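J.: Protein chains in written order, with this note's numbering: chain A, 1 to 640; chain B, 1 to 101.
The hints are simulated quantities; they were obtained by calculation from the structure and are not laboratory data. Please note that a few of the clues may not be correct.
Stated by the list, open to error - Partner residues aside, some chain B positions facing chain A, computed with beta carbon under 8 Å:
id	residue
1	Ile-18
2	Val-23
3	Leu-24
4	Val-91
5	Asp-92
6	Ser-93
7	Asp-97
As the list claims (entries may be wrong) - Taking lysine to any residue pairs in the SDA-like style, the calculated list, with each CA pair at most 25 Å apart, reads:
id	chain 1	residue 1	chain 2	residue 2
8	B	Lys-89	A	Ile-625
9	B	Lys-88	A	Leu-630
10	B	Lys-26	A	Ile-625
11	B	Lys-95	A	Ala-624
12	B	Lys-26	A	Gly-622
13	B	Lys-26	A	Leu-630
14	B	Lys-89	A	Gly-622
15	B	Lys-95	A	Gly-386
16	B	Lys-89	A	Gly-616
17	B	Lys-89	A	Gln-619
18	B	Lys-26	A	Gln-619
19	B	Lys-95	A	Gly-616
20	B	Lys-26	A	Thr-615
21	B	Lys-95	A	Arg-612
22	B	Lys-95	A	Val-627
23	B	Lys-88	A	Thr-615
24	B	Lys-26	A	Glu-614
25	B	Lys-26	A	Gln-617
26	B	Lys-95	A	Phe-526
27	B	Lys-88	A	Phe-626
28	B	Lys-88	A	Trp-7
29	B	Lys-26	A	Arg-612
30	B	Lys-26	A	Ala-624
31	B	Lys-26	A	Val-627
32	B	Lys-95	A	Thr-615
33	B	Lys-95	A	Glu-614
34	B	Lys-88	A	Gly-616
35	B	Lys-88	A	Gly-622
Nothing here was measured: the structure is a model prediction, and the numbers come from that model. Glycine included, C-beta positions come from ideal geometry on N, C-alpha and C.
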Amino acid sequence: MPNIAVWAIFLLPFLSFLIIGLILRPFFNNRPMLSAYTTIIAIAGSLILSIWALIAVNGAENHVLTDVSYQWLSIGDLVINIGITMDSLAAIMVVTVSTISLLVQIYSIGYMKGDGGFARYFAFMSLFTGSMLGLVMANNLLFLFLFWEGVGLCSYLLIGFWFHKPSAARAAMKAFLVTRIGDFGFLVAVIFLYVKTGTFDIGELHELALAGVLGGTTLTLAAIGIFSGAVGKSGQFPLHTWLPDAMEGPTPVSALIHAATMVTAGVYLIARMFPMIASSETAITVVAIIGGFTAIFAASMGLVATDIKRVLAFSTISQLGYMMLGMGAVGMGYASGAIDEHHAMALGVAVAIFHLFTHAFFKALLFLGSGSVSHATGTFDMRKMGGLRKIQPWTYATFLIGSLSLAGIWPLAGFWSKEGILHEANAYAPVLFWLAMITVFMTAFYMFRAVFLTFHGEYRGGEEGSHGHGLHESPKIIIIPLVILAVFAVIAGWLPVGDFLGADVHFSFFGALTSWLAWVSLIFGFAGILLAYAIYGRKLLSAESIGKSLGPIYTLLIRKYFIDELYERIFLMRFLVDGVFVVLGWIDAHIVDGAVNGVAMVTMTGGKVMRRLETGQLQVYGLAIFVGILAIVAFLFMFN
Amino acid sequence: MAVGLEHFLVLSAVLFAIGLYGVLAKRNAVVILMSIEIMLTAVNIAMVAFSRYGQFITGQVFVIFIMVVAAAEVAVGLALIIAIYRSKKTVDSEKFDLMKW
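Next comes chain B alone, as it looks inside the complex (with noise of 0.2 Å):
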């Protein structure tokens, strides 16, 4: 059976979905942001993949900019988490009401 595009959807389908029940479901910031993480993989994954069949090179290029962005934005994610334990001593999410009005 040969590898073809619908195997790299799945598997992105799939890692999405993981992703997003770790965002939706777990408790730790940290693990949400790990979640978040799987998610874009998932996404760069589907990118890649159709640039690869589709014959397009901008998905790769994009791939490239979500990996450097993602970067970023775990850094500042960290940066978050570490700020708010600080003031809360914890990283239980359900302990966020700060929007609460």
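Here chain A stands alone, though its shape is the one from the complex (with noise of 0.2 Å):
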């Protein structure tokens, strides 16, 4: 495969960018389903190319197919390069990262139809696209980090995508503003490790880490400074609180976000820098229990959030969190010397990997479906939805496919992932492990809630004045791409995909019931579904006994722990508005400013005094002239 070919997997994107952006929308905005089809064939193209890469890669020595840099920046002894890599790994991301985009814009067609900024919208779709295909395939942390801040950029755009909503234009801001406080921490340890090691090379970094060259402190903070980045992109606790408010943006920017695009950089990034983080004991600990504590975390948020779209805000939170979960198993087994280092860092990346995969076809479905329902509904609040099952039973169908998928159930996509993950976890992090199990309960109950508020029972009126007029299945162009992810979201879990990144976490399809911990997470799972139907299903438990007879449990999931208000009320306002900002204040009026006028004050001062000297009159400048001149011959002669 030409190495062009490799670099346009990511540039395809970027140009569709350029020409919607600066031909597009200028001159043909009258037609804005041109804009709609570029980023459709760009995407596409960059989809042929991904799977073209994943086959070439798959036949290639070391699942390695090219690893190459060029100079970009030279200064002094500074050198700076832009390369890419595409490996086994970039290949899988960069094939679901295409796959998901292309059908998130072919559904935005339909959704986002006679928006007033269908091609600004589509402009920054590309922009997202190729900015996340990008930061797969980057070679060096300088690179994939100029790639992070495109992503964070697009989803602050997209996310405020109809800016003239207020919260929707906070929802960008927070997104944006939180994600920082992580992307801060990454760029800090960047640099770190560059000091250190004068290498910004991923793959030189992980050979120094792995030999023991770049180790102790250095390698843990550098480790912990990587993830602070990866917490705040892909919402781990405690910067996840971007995550639900991101929902503000339209539905479709909501399912890129969550399934391939934005959050999943985070668990790639981790997953990229593995050999490295795991060589770090203290780090891949903190991933692990970041994960896990996250997991359940989200998941109980998302237990009684009204919102379809929040419930699987939340859901994402948690599918992450097992992810990091995962990967900070196997890297606590590799630290602890129960995984010989070759397959320890196969199997981290494979199982978290593994999980993405999965996780984006379902959760792109699910995120879809919720906005085929806000089609016909007018409204993302569960409470004002059911019965819809029979008015759209397409959506209903992939719906119900995506949840069952998510809640892990066999033999659909999400179980053969989730296995693979408890199944390190079960064996390496015993505490997070059962955290994970009642994580796999909750997931299925929050999921079949969802489910059965929506589509079952009675219509219970949508938004205000819409009163059940034209409830109608969604179109064709809506209704294709769930099929197709459905589809995904059962098979997903069939590939081979551990196998391709080169660890085995794949269980064969009726061996995987022989296992206790498959049977255990079934019955969790299944337990969930149980309930949900026992209480929305059929009703013989009242949600609203249950929520009065826990109050302040309830009120504390409800107000999702008060962490929101935790941040805003007491450290923004007490801490840094009270605090830290009027100390920053008396410095910046009394020292800054007092520096600032104190110069221009000498000044003045000095000026008022020499002005005196300057009477006007050209014979004194002349006789000044003069002596100055005597001055400087009598200074030649005596020096000559």
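Make one complex out of these two single chains by using the hints.
T.: Laid out in structure tokens, this is it:
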């Protein structure tokens, strides 16, 4: 496969962005469909090239097709390269990203129809996809960081796509600022690593880390810095607060952000840096603990959310936590010496990326399904839905498949990848394993709560004023991507992704059912589904009375553990606004401004004195010139 | 005592000093202008002297140039003095403090 074709994978969407931004939007804005077609053609091109790359990687030695760097900048000793790598990890990622992105774009044609910002939307989507594709192919940290920021920027633009809505503008700002905290840690870690090792190249860093040259506190600090970037991007605790709010963007954007781009960037980063991070026992333990905790923490908030997209958002956070936990557990196994180096490095990446891969399909499916529901009802509030099963049979069927897959029911995609993670967690991090197991139960419960509330029972009116008129199934352009994704949500787990990444995480089709672990997780999953059925399907138990009897806990969950309040009221208002900013304000007013004003005052006073010398009389100036010349001449005579 | 280069140069220097004194010390703008002319003349004498004793014709050519330019300069200078007299009703240079801020 020629090198240029590999570069084209991420350059095509960028090209599409430029075409739309510079040509189509200014000159052909009355024909918005052109933008959509441009985007779809570009991303379809990326997808074809990605599949080609995947096949080529499969046939390549060590599964590395290309790893090239070109010099970009040279500032003294500092040489910055741009370069891409196409190995098995990158290949899986580009295929996932471009597949999901393509389906989302097709869906968007239907969903965004008639929106005033149609062309702008597709321009941003192209840029978003291009950045993400570039991110997964970059072979040095600085180049990766460039795309990392590109993804962050696009998420800001797309979450705030309907910027005239104050809540959307706020959510976009929040997403940008919260992820910024993590990005700062990441950037510091990149610079720190450069100072210590003199390289940005990921491969070289891994070699140094595995050889033990890079180790000790340096490695731990750098690894934790990189992880902080991943925490921000992937919405892990404690920087998860932006993610539920990010639902303000158009639904296809949520699908893309939550399934294939943006949030998976964090998981990908840890997977890409896995050999380095796993070499620090402290860092990898932190990854495992944060991941395991986030999984159950986010799932618990999903239990009570009433907005269908927010349920899915919490679910995303929780599933990303799983992926982190998977890598963390394998890393802990490696650190304790239970797994040998070669196997551990492949296994950690494989379990996480396998789950990322399957999750991308069913989570995109669920988001797009929720968009289809909202297309009919005009709301995302599940309390106003119900009974849509008969009206939207296609949406219902696909949503159900997605939910079953997410709940980890055999033999759907989610089951296989989740088993992989649970298996490793059980082996190397038993406490976190039980947290993850409870999360399985919660996941099944909240997903089927959403299914029963949305599709079963009686219709509860939709958005105010719509009165249930015009309830209809969504158009084909929306249904077709759903069906394709539903197929993947079933079969994605059967694909040998783990083997491709160099580790066997695959269970045989029926063999998977012979382990006790699979049965326990299936029982937990079914228990969750049954409980949801009992409460929301058959109404054997009243949700209200349970909510009341668990009063404080319910409040805690619905208010999202008061974390937003903690950040905004306590940290932001008390600590920053009333504390740090007051001090900084004083320093600014008295020391910084004082210095500036002081300099101005000295010069002004000096000027007032000096201007007395300027009489405005030419003769005085002439005299001064004469005396000056005399002085110069005298000087020359004296020293020559 | 033969008249040599030094004599011309001394004359030139004396004239120059007189002119400079006039420029710096006199109040009447017309006198200042005249003093400038004296300084130019002093320079011309020096140039002609150098030209004569150094056997270079260039100095004499330049002197012609300077005299032409000086004539023009006097015309402009007098015009300026007349213009400033019309607005200030004086040619006392100490009263010309327009450049003072």
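J.: Next, verify each hint and record whether it holds.
T.: Against the structure, the hints come out as follows:
For Ile-18/B, the interface hint is violated, the least distance from its beta-carbon to any beta-carbon of chain A being 14 Å, above 8 Å. Given hint, Val-23/B at the interface with chain A, holds; its Cβ is 6 Å from that chain's nearest Cβ, closer than 8 Å. Hint on Leu-24/B holds. Least Cβ distance to chain A is approximately 5 Å, under the 8 Å limit. For Val-91/B, the interface hint is violated, since its Cβ never comes within 8 Å of a Cβ in chain A; the closest pair sits about 13 Å apart.
A distance limit of 8 Å between C-beta atoms decides the matter here; for Asp-92/B the minimum to chain A is near 11 Å, and the interface restraint is violated. Taken as an interface hint, Ser-93/B checks out: its beta carbon lies about 6 Å from the nearest beta carbon of chain A, inside 8 Å. At its closest, the beta carbon of Asp-97/B sits 4 Å from a beta carbon of chain A; the interface hint therefore holds under the 8 Å criterion. Using a Cα cut-off of 25 Å, the hinted pair Lys-89/B and Ile-625/A is violated, with the two alpha carbons roughly 29 Å apart.
Of the pairs offered as hints, the one joining Lys-88/B and Leu-630/A is violated, with about 34 Å between alpha carbons and a cut-off of 25 Å exceeded. For the given pair, Lys-26/B sits about 17 Å from Ile-625/A by alpha-carbon distance, which is consistent with the 25 Å threshold. With a C-alpha separation of about 19 Å, the suggested pair Lys-95/B and Ala-624/A falls inside the 25 Å cut-off, and the hint holds. For a cut-off of 25 Å, the pair hint linking Lys-26/B to Gly-622/A stands: about 12 Å separates their Cα positions.
At most 25 Å may separate the alpha-carbon atoms for a hinted pair to count; Lys-26/B and Leu-630/A meet this at roughly 20 Å. Between Lys-89/B and Gly-622/A, the direct Cα distance comes to roughly 24 Å. Compliance with the 25 Å bound is thereby established for this hinted pair. Of the pairs offered as hints, the one joining Lys-95/B and Gly-386/A is violated, with about 97 Å between alpha carbons and a cut-off of 25 Å exceeded. A threshold of 25 Å between alpha carbons decides the hint, and for Lys-89/B with Gly-616/A the separation of about 18 Å falls inside it, so the pair holds.
Annotation: proposed proximity of Lys-89/B to Gln-619/A holds, straight-line Cα distance about 20 Å (limit 25 Å). For a cut-off of 25 Å, the pair hint linking Lys-26/B to Gln-619/A stands: about 9 Å separates their Cα positions. Of the pairs offered as hints, the one joining Lys-95/B and Gly-616/A holds, with about 10 Å between alpha carbons and a cut-off of 25 Å not exceeded. Restraint check for Lys-26/B and Thr-615/A: the C-alpha separation of about 16 Å stays at or below 25 Å, so the hint holds.
About 17 Å separates the Cα atoms of Lys-95/B and Arg-612/A, which keeps this hinted pair within 25 Å; it holds. Restraint check: the Cα-Cα separation between Lys-95/B and Val-627/A comes to about 23 Å, which is no more than 25 Å; the hinted pair holds. Proposed proximity of Lys-88/B and Thr-615/A is supported: the alpha carbons are some 18 Å apart, at most 25 Å. For a cut-off of 25 Å, the pair hint linking Lys-26/B to Glu-614/A stands: about 19 Å separates their Cα positions.
Between Lys-26/B and Gln-617/A the alpha-carbon distance is near 12 Å, which keeps this suggested pair within the 25 Å criterion. Between Lys-95/B and Phe-526/A the CA atoms are separated by roughly 106 Å; this puts the pair beyond 25 Å, and the hint is violated. At roughly 28 Å between alpha-carbon atoms, Lys-88/B and Phe-626/A are farther apart than 25 Å, so this suggested pair is violated. Between the alpha carbons of Lys-88/B and Trp-7/A the distance comes to roughly 79 Å, so the proposed pair goes past 25 Å and is violated.
Distance check on the hinted pair: Lys-26/B and Arg-612/A sit about 22 Å apart at the alpha-carbon level, within 25 Å; holds. Taking the CA atoms of Lys-26/B and Ala-624/A, the gap is about 16 Å. The hint holds against a cut of 25 Å. At roughly 17 Å between alpha-carbon atoms, Lys-26/B and Val-627/A fall within 25 Å of each other, so this suggested pair holds. Among the hinted pairs, Lys-95/B with Thr-615/A is consistent with the structure: their alpha-carbon atoms are about 11 Å apart, no more than 25 Å.
At most 25 Å may separate the alpha-carbon atoms for a hinted pair to count; Lys-95/B and Glu-614/A meet this at roughly 14 Å. Taking the CA atoms of Lys-88/B and Gly-616/A, the gap is about 16 Å. The hint holds against a cut of 25 Å. For the hint linking Lys-88/B to Gly-622/A, the alpha-carbon distance of about 22 Å falls within 25 Å, and the restraint holds.
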